[in-house]
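K.L.:
Each protein sequence line maps, in turn, to chains A and B.
All residue numbers for the first sequence refer to our numbering, where the first residue is 8 and numbers rise by one.
All residue numbers for the second sequence refer to our numbering, where the first residue is 247 and numbers rise by one.
It is possible that some hints are incorrect.
[What the hints assert, rightly or not] Okay, the calculated beta carbon distance ranges per label pair:
1) Leu-312/B x Val-172/A: 24 to 34 Å
2) Ala-287/B x Gly-147/A: 46 to 56 Å
3) Val-289/B x Gly-171/A: 44 to 54 Å
4) Ser-254/B x Trp-36/A: 51 to 61 Å
5) His-280/B x Asp-106/A: 29 to 39 Å
[What the hints assert, rightly or not] Among the chain A residues that face chain B by a calculated CB cut under 10 Å, a handful are:
6) Pro-69
7) Ala-116
8) Pro-120
9) Leu-253
Everything labelled a hint here was simulated from the structure, so no lab data went into it.
C-beta: ideal position from N, C-alpha, C; glycine also.
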Amino acid sequence: MGTVTARARVLDVPGDGEGVNRHFLEQGWTDGLPIVPPTEAAVAAMLDWTDRDPAEALGAMPPEWAPATVEGVAINAVMAGCRPEYFPVVLAAVRAVLDPDYNLYGIQATTNPVTPFLVVNGPVRGELGINGGAGCLGPGWPANATIGRAVRLCLLNLGGGRPGVLDRATHGQPGKYTMCIAENEEENPWGPLHVHRGFAAATSTVTVLAPCGTQNIIDQCSTTAQSLLMTLCHAAAYVGSNNIFLGGEPTLVLCPEHAALLHRGGFTRRDVARFLYDHARTALAAFSPENVEGMLRRRRPRLFDGLPGHFLVPIAEAPEHFHLIVAGGPGPHSLFMPSFGQTTRAITVPIERPARRP
Amino acid sequence: VPTALCCSETFAPLARMEATAKGYPTLPLVVVPHPFGTMPAAVVRGYAVNALPDVIDVLTTPLERLAGRGRDGA
Chain A
8 MGTVTARARV LDVPGDGEGV NRHFLEQGWT DGLPIVPPTE AAVAAMLDWT DRDPAEALGA
68 MPPEWAPATV EGVAINAVMA GCRPEYFPVV LAAVRAVLDP DYNLYGIQAT TNPVTPFLVV
128 NGPVRGELGI NGGAGCLGPG WPANATIGRA VRLCLLNLGG GRPGVLDRAT HGQPGKYTMC
188 IAENEEENPW GPLHVHRGFA AATSTVTVLA PCGTQNIIDQ CSTTAQSLLM TLCHAAAYVG
248 SNNIFLGGEP TLVLCPEHAA LLHRGGFTRR DVARFLYDHA RTALAAFSPE NVEGMLRRRR
308 PRLFDGLPGH FLVPIAEAPE HFHLIVAGGP GPHSLFMPSF GQTTRAITVP IERPARRP
Chain B
247 VPTALCCSET FAPLARMEAT AKGYPTLPLV VVPHPFGTMP AAVVRGYAVN ALPDVIDVLT
307 TPLERLAGRG RDGA
């Protein structure tokens, strides 16, 4: 358990819901969309879904480094429109982004459009209706929409990451409003992500990644695993991607049809990652001279110093750095998600249930 | 070790917040124009030359006199 801090103060905001919304908007406490007023009763209902002390600080949230208390997270979860039973997932996600290896300071303050992307695994997906199938990235799914939004409101209100002020993103991205899915475990031929990351199948978890966006990869013609992998490799290894410049942990969100094709071709999860590591590459000659010097050789001289133009630049430094997730519904579309680079790592945290269900 | 913290003007508010949050609210910042990553080397060299007196000042002024003299006007 973390440090125990002061509780939030109660505001007396006159007027109806519209007046409350106007006040919160004027104070800069929203993401620009209407919020659900965080009344004492609504926050208490949220807090019923954790055994943690409301005053417990989960950690200091950058860039303002204010303590992120359990109560503070609950207030933002109410504002985001979460149902109380979603709160354990929100709490786990906040604990995950506060892990030092996630580097939330960099993610909040950078010009890069990166944002937390939540992938939920385990039985909680079905219990809460978190969608991992058709259209899972939205719109239209209350649990996906509000859980991801709750984390964003925490980053704004507890971390102080105001866009254009301490959040220095050049454009940001739509995923900075909310970005949360379940994994489509039932159609992942290699088993769920959280099991691959060392958790029991019956444990529910949240994995947070830091993608800079989603890039559609359409392939509706390939009939062999190798053919599909050619498409995936070419789509992922483009000059200008974070990962080809900075290394790190690129993510592929495979649609069920693509995952099945790879599996039918005899490729294990490890084989796919190995293929991506070996072949998702671009020749050094395709980079501008300034980028070869400034982005590749100066940052990672061990890899690139003195190499000729035909040398191939990988998008990760090891096969195990690739994240392979299965999500989505029918259709020939997978997603490539470049990450923030080597300065962030995916974090998986188990979801805690209260000892007594409210 | 005497240290001068340099940042571009776009990041000065963030640097001030970070310094304040970490307990150094009067940490002097040497602020240079933004951007410099995509500017010609000669322009960047000019930024450095212009910033040099402030860097030397921060590195050579006793700590007690530096307090409260933020170069970003904070």
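K.L.:
State for each hint whether it applies.
P.N.:
Here's how the hints hold up against the structure:
In this structure the supplied range 24 to 34 Å holds for Leu-312/B paired with Val-172/A, their Cβ-Cβ distance being about 26 Å. Range check, Ala-287/B to Gly-147/A: about 51 Å between beta-carbon atoms, so the 46 to 56 Å window is met. Separation of Val-289/B from Gly-171/A is about 25 Å and departs from the stated range, judged on CB atoms against 44 to 54 Å. Checking the proposed 51 to 61 Å range against Ser-254/B and Trp-36/A shows it is violated: the Cβ atoms sit about 29 Å from each other.
About 31 Å separates the C-beta atoms of His-280/B and Asp-106/A, a value consistent with the hinted range of 29 to 39 Å. Proximity of Pro-69/A to chain B holds as hinted, the smallest CB-CB distance being about 8 Å (cut-off 10 Å). Nearest Cβ of chain B to the Cβ of Ala-116/A: about 5 Å, under the 10 Å cut. The hint holds. At a threshold of 10 Å, the smallest CB-CB gap from Pro-120/A to chain B is about 16 Å, leaving the interface hint violated.
For Leu-253/A, the suggested interface contact is broken, since its CB lies about 14 Å from the closest CB of chain B, more than 10 Å.
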